[in-house]
Structures are given as structure tokens and as C-alpha cells.
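As you go down the protein sequences, you meet chains G and F in turn.
Here the working numbering is used: the first residue of the first sequence is 1, the next is one more, and so on.
Here the working numbering is used: the first residue of the second sequence is 1, the next is one more, and so on.
It does not matter which identical chain is used: a pair holds within one copy or between any two.
27 Å max Cα-Cα, derived BS3-like pairs, lysine-lysine:
id, residue 1, residue 2
1, Lys29, Lys181
2, Lys125, Lys101
3, Lys224, Lys101
4, Lys181, Lys125
5, Lys181, Lys224
6, Lys224, Lys29
7, Lys29, Lys179
8, Lys224, Lys179
9, Lys179, Lys125
Derived by calculation from the structure, the hints in this document are not laboratory data.
There are 2 protein chains.
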Amino acid sequence: MREVGRLILPEVAELLEGGADEEIREALKDLHPADLAEVLDEMSPEHAARVIASLGLQRAARVFELLEEDSQLSLIEHLGRERLGRLVEEMAPDDRVDVIKALPERSRAAILALVAEEEREDIRKLAAYPEGTAGSLMTTDFVTVRPTLTPTETFDHLREEAQGAETVYWLYVVDDNEKLKGVISLRDIVLADPRRCIDEIMERDVITVTAGDDQEQVAGVFSKYDLLAVPVVDDEGRMLGIVTADDVLDVVEEEATEDIFRLAAAGDPTDTDYLEQSVLSISRRRVVWLLLLLVTGFLSALLLDAYEDVRVGLPVLVIFLPFLMGTGGNAGTQAATVVVRGLGTGELEARHVARVLTKEALVGITLGAFLGLLAAGWVYVTRGDLPVAMTVGVAMLVAAIVATSSGAVLPILFQTLGLDPALMSGPFITTVVDVAIIVLYFEIGRAILPPAAAAVGGG
Amino acid sequence: MREVGRLILPEVAELLEGGADEEIREALKDLHPADLAEVLDEMSPEHAARVIASLGLQRAARVFELLEEDSQLSLIEHLGRERLGRLVEEMAPDDRVDVIKALPERSRAAILALVAEEEREDIRKLAAYPEGTAGSLMTTDFVTVRPTLTPTETFDHLREEAQGAETVYWLYVVDDNEKLKGVISLRDIVLADPRRCIDEIMERDVITVTAGDDQEQVAGVFSKYDLLAVPVVDDEGRMLGIVTADDVLDVVEEEATEDIFRLAAAGDPTDTDYLEQSVLSISRRRVVWLLLLLVTGFLSALLLDAYEDVRVGLPVLVIFLPFLMGTGGNAGTQAATVVVRGLGTGELEARHVARVLTKEALVGITLGAFLGLLAAGWVYVTRGDLPVAMTVGVAMLVAAIVATSSGAVLPILFQTLGLDPALMSGPFITTVVDVAIIVLYFEIGRAILPPAAAAVGGG
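Next comes chain G alone, as it looks inside the complex (with noise of 0.2 Å):
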């Protein structure tokens, strides 16, 4: 494991004071790349464009790539014109594009104006491509070679290749319209009988994904096959890019984050590092949660208004408010967390809903039967009762069960609606349990305890 890039900051910021160019490119030489462009990220553009000048192109090429996102568009200003577009044309056009959607409309055209005919064609095909899409994630950077080819002359053909290329472990074989046939990897290639020719030996039930997939389905398939690497097909079954799995592992941690931000209603994450992002941009994305959240707290506060007999008659119910609303907030939220993560990993489908209510809704029973007679025990000890015990443990029971149930449908719900249910987030079920919690407790409390208990039982 490395730490090596807080540790050298100082020490180029020196260099980048008095030394020249080649003094800077000799003390970072043994850097890795990813090393180089997490030193970068810390810097100032200026000195940032410095150092990247000093590199070689390809090496700078490979740095540009992996900086933040943010380093990126301000370093572009400082880089001049002519370096810039030789820089572009050398980065893999995965991440050129993402560079280059990012800028504004009138940088996008000028750099674009910069780069060779045949890349700025290919940004163009790239970008066109939706984010989250298979096609945005794929490189055209790969080898393709035809059926009839010999393992010798696949070997001389690869070494033309193999520079520019993501890859040259797999071989995608392709006939005259570019459509896949199949696929063979180096490794069969180096086994294989030197006689035989590609046709005879690649495998021909090739796992591809289209490019217009979800990053989702993408990401499904690379861990249910242990892929390293997929083709991407247009519809007709023509080779467009392929999807690696180093982008794979990214698409895996920025869907869980979304699931985990949408699970805790804190609104969508951003490519921005938190310590970057301006308070206001922070509580702008988490307040229209809060705002939908506050309207269901409105319905608890009209809800408690409207119980005023209750309320007022039978004060001691609500000492015991807040806790089963807490409890019966915490089991929905446990159910639906567990539920959504089900839906996005594909282990839970909407086609079983009833099995999994039918399975929420006994965890409820067994929940608030536990939990209810142990509040109802500390209510009976505490204060001697015994209506009042009753009450709470019931509500107890009665809160467990709608809880866990409303946790396993609603976001099964959302699924069938075609929305993403991690929007059923924890704080939503909460705010949906509390309110049923208010009129259920009420209601059982007017049941259980006679109207002479509101002078007994009174705080």
C-alpha cells in the first residue's frame, strides 16, 4: 500500500519554485501515474500544468486521465492550445469523453477544433452515448482480427495492434461487416496448435452486452460471469467498444453510494469531493428531502391536534409516543433497507412481493411480541399500570408489524413503477410509520383504557 502522494507534495512544490523541467521529470519519474495525479489534485493549476508539461505525452496523458474531475477543467486552461489537443488525441477515449462532456458547449467545440479528424469522429460516437449506459463506459481502444487468421499471423498482427489498445488479452473476432463471431484470449492463443487457424478455435457463444444497457445490468454481468472484460454490441451484433473491469469496479462504488444516499434520503451524490462542495450546494440537494419529509411531519402534528381527547384525557400515552415511534420507525427501516438492497443486487425480484411480505409480516409478529412485552413490563414495573402497560405493548406490537410490512411493500412498489426503490428510503418509511403509529396507539389506547384512567393515569 502507498501513501506516497501527501508525502512528496512539499517537495515538488519546492522543485516547482526554482527547477527546471527536467529537474521536475527526474524527481517524479518513479512515481505512479495514480500516485502523480493525486499529488496533482492538491496543487495549484498553474503548478499542476507545469508538471504535466514536463512529462512526456504519453506518460502526461496517462496522469491527465486519472485526476479528479475538477483538476481537469482548470488544468485545460492552463495547458496550451497546441499540447492540449496532442494530449486529448493520446488519452483513451473513455475517459476523453468524459473530460470533454464536462466542459461547457464553447471549450467543447475549441478543443475539439484541436484534436485529429479521426479521434474528434470518435469522441463524437462516444459521447453520444447516455451516461449510465454501456456505451459510456466502453473504450473503442481494442483488437479485432478475422477468422481466418493463423495463431503466427494473429501474433504479428497483435504486435501492430497492442500499442494503443485497453487490452490484448481478448481477441475479438469479427467478419467483413464487423459483426462478432466470437472471441479467443491471448492465453488460447499461445496453447493453440500453430496449424489451426482463429475460426477453428475462438469461443463462439460470446457474452456481450448492447450499448444502449444499463451500467447496472453491465456491472450484473461482469460479477456473474468473473469477467475482465465484455464486448459491446450495437443491436445488430456489430463490435462497438469493449468495458473493462476496472471501470466495472467504479460503476459498483458509485451505484452503491447512490443506493446508500438514496436509502438515507440525503438526495443524489455529485462527482465532487465533499470537502469541496459549498454549504449551500450541500443543504440545496438534502433540503427537498427534508421539505417532502416535513409534509408527513405536518400530518403528525394535525393528527395529535385532532386527538386532543386523547391527547389531553389520557396524558400519560404520550410519555410513550416518541418511543414507539422511534421503535417502530427503526424495524420499517430495517425491513425496507434490507428489501431495496435485495431489488438492487437482483436476489429479490417484484415477483416476490408476497413472499416477502408474508416474511416481513411474521419478523413483525416476532419483533413486537419481543419488544412489546418488554415495553409493556418496563411500563407495568416503572408505573404500576396495568391499562396503560397493556396499551403500550399492544401499540408496540401493532406498530412492529405495520412497520416491517410497509418497509417490504412499499419499495417493491416503487420497483413495479418503474422508479428506483431506494427512493423508499429509511426516513420516508419512518415518516409513513409515524403517522399510522399516532392513530393506531390512540385508537388502541381509547379501547384499552377506560375514561376514569385519565385522571388516574395522568402524567
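Got chain G sorted already, so can you dock chain F onto it with the hints?
Structure of chain F alone, referenced to chain G:
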């Protein structure tokens, strides 16, 4: 994208009733091992064992590796002893260790007795690494080369070794003491001048992990350096194994699920599918957390009891209590979630505590001022009672600040104490904030509302 598993199941079941092994093998021969494993996961162990027995040994091992743990364990009893021994020998080292670790002590010894000495030793070594470390993820099927070989000699060596290896695309250069000296990719060997030797063309600055490294750290290394495989070394730098990106993908999903479950106080996830888990085992895992939260719930009841004067004297305040608690809890959950995820992905560290606290406190002020004004306005419009409106508004402001600040600080505190910050879950933050809100709200009420308001504002 393939969904063949479910479609083919009835067809296979029919074959198993009447057909011979030959026919079964023929019917399934085009199925990818991962798809076949999905089919077998749905079958009875008897049927699945017949299918496994009908396959060639290599294919049987590959399919067996991909089965769910439950299916593997129940299948083991239905496979013949001889067959089982060969199957375990043929499985990938990292996968077979996972199966054997999951077995009860007695069966483990019985199976180990069936496999060849060399494999048994390998299993013992791998099984010794604790779950969740790089050692527990790695496979020992990697290819090493000596630094003195030429590219041509390396190819010859590779042809001998390639059969069993997990990957042949990175060759690990070791000295006579098995110490890792460098790495060379098959790409570079293909491109290399055939007169040079490995020592001259290998990459010396190898990114490695240590066997004891946490799997989350390993995932971080893959993600940062965009790797497809990483060598695992011991403390003396001796090569022990490799971890590949497909295993890391599973780790990232697993860790995300763990974070999500913990953030919802839903207990830790298990390997068993949700639908297969019993109601009791689900309840048992969740009840621990509910009990813990129940205690803070009791505290809220005790506090409400203690504030009898405010509660009974100013009953109008009670109406807005769940509303304040709900919004405060949600704001706290948002802050805690963002901070926990930031700590999880490495974007935030404990040293950022002051910056995070300042930012979240400011977010709390922003959100609290906005929501407080809204709430106060709503109370004033619906009830026409300015002191009560002011009390609710001020309490909302204070509640938001307390909530976001606790959400910021408590996870970082947990991290500093060496605990998983995700244990400082939304529900936990919510109960902490609940208690604070009861005290603050009623104290603010006492301060703002004249004793006379008790009669005026009542219900």
C-alpha cells in the same frame, strides 16, 4: 444479457426423470458454467448431483465453484467420495478454500483426506488467512518466471504453466527465495525484443498488497491503480498469491451491502439468500439493534415524564414534538450517511474532523433557518399563536444544528476508536437527536412561552 437459467429448468427436470447421463450432458453443453450453476441452484441436491456427475471433471469443477454456498454444502453429501476428491482438486484454490471453510469440522477432515497431498497443503495454507483479508481472497494459481529468461523461453515456460493458472497475462518475476522482483505483462513479452531478457524489460516498481491487508484496502488499490490483478506478498516480500479484479468486484458489493445494512441498523448481512432465511434468524439479527435503540427510547419517555410541567402546562407543544423529532432525525441521518460513506470510500479521514464539523454545522444552520421559518409560518397561520410559532421555529433551527453536527462527529469518533463508522447508523443518530430535541424544545418553550400561555395556547 442472458436469462437462460429459469427458462431451461423444466426441460432439464424432464431429462433427469428419463434421460441418460449422455443426453443430459448434450442438452447442457452450450450453457455457460455460470448459467448452469444458476439452474442447479434451483434444483434438488439429488438432481443437481446427477447433473454434476454427468459433466466432465473440469467443467464440473467450474460449475461447482459458481454455485451458492448452500447448494455446494448440500451437494457434497450427494456426490460420491472419489468424485468429490477429484472435484476439489480441480477447483480454483480460492474457491475451494471457501467451500471447505464453510463445512463442519468433521466433513472438512473427511474431504481433506480425499485430496492429494499437494492440494491439501495448499488448502491448509489458504484457510489460515482470516476472512476479509487479502490472503482469504487470493488464489495460488499464478505464473512465476525467473529474471534470466528470454521472451522465447518465457513463452515455452508459459505453455507448460498456463493450463491451471488463473491468469497468464501478468507473470511475476521472483528470485531464488521466491521474493517478488518485478512483474511483466504478456503484452510486453509479445512486443519485446527477443534478444533481451526479462530482467531488462520487467516493471520493477510493482504494486503489491500484503496477505493481512483488509479486503477494503485491496479494493481501494484496484480502484486507484485501475488494476486487473495484484500480487499478494508476505512481510518479507515473498510471493504468496494473486487477487484478480473479479474477486474484488464481489468484495466491493459485499462491503457496500454491509455498510448499507449497518447504516440502517439492520444487522450484518449473511451469505444466505433473503428468501431462504427463516423468520427467526432474520428477527434475531435485527432485534439486537432494536433493543439497543429501545434503551434510548426509554430515555425519551423518562424525559417526557420529567417535563410534566411543560407537557401538561403547555400541551400545545406536544403536538409539534414528533414533527420536530422526525425532521431532526432525518437531517441527522443525512449528515451521518454522507460522512460514513466518505470515510468508507477514503474521501474523508479522521483528520478532517474539524472541517467536516464546521461544514455540517453550517449546513445545519442553513437547513434549520429555512425549515424553522417554514414551520413557524405554518404554526402561526394555522393557530395564530406567535409565541408557540416562535418556539417551534427556534427549536427547529437548534434541532437541525444538533442533528447535522452529531451526524458529522459521531461516525468520525467511531472511526477513531477503531470501530466501523457505519455502526453509527441513521437510527442511532435519530435516537440521540430525539433525546436532545425533547430537552431543547421544552427548555426553549419554557423560556419563550409565558406561564399564562399554558392556558391560552392549550390544545
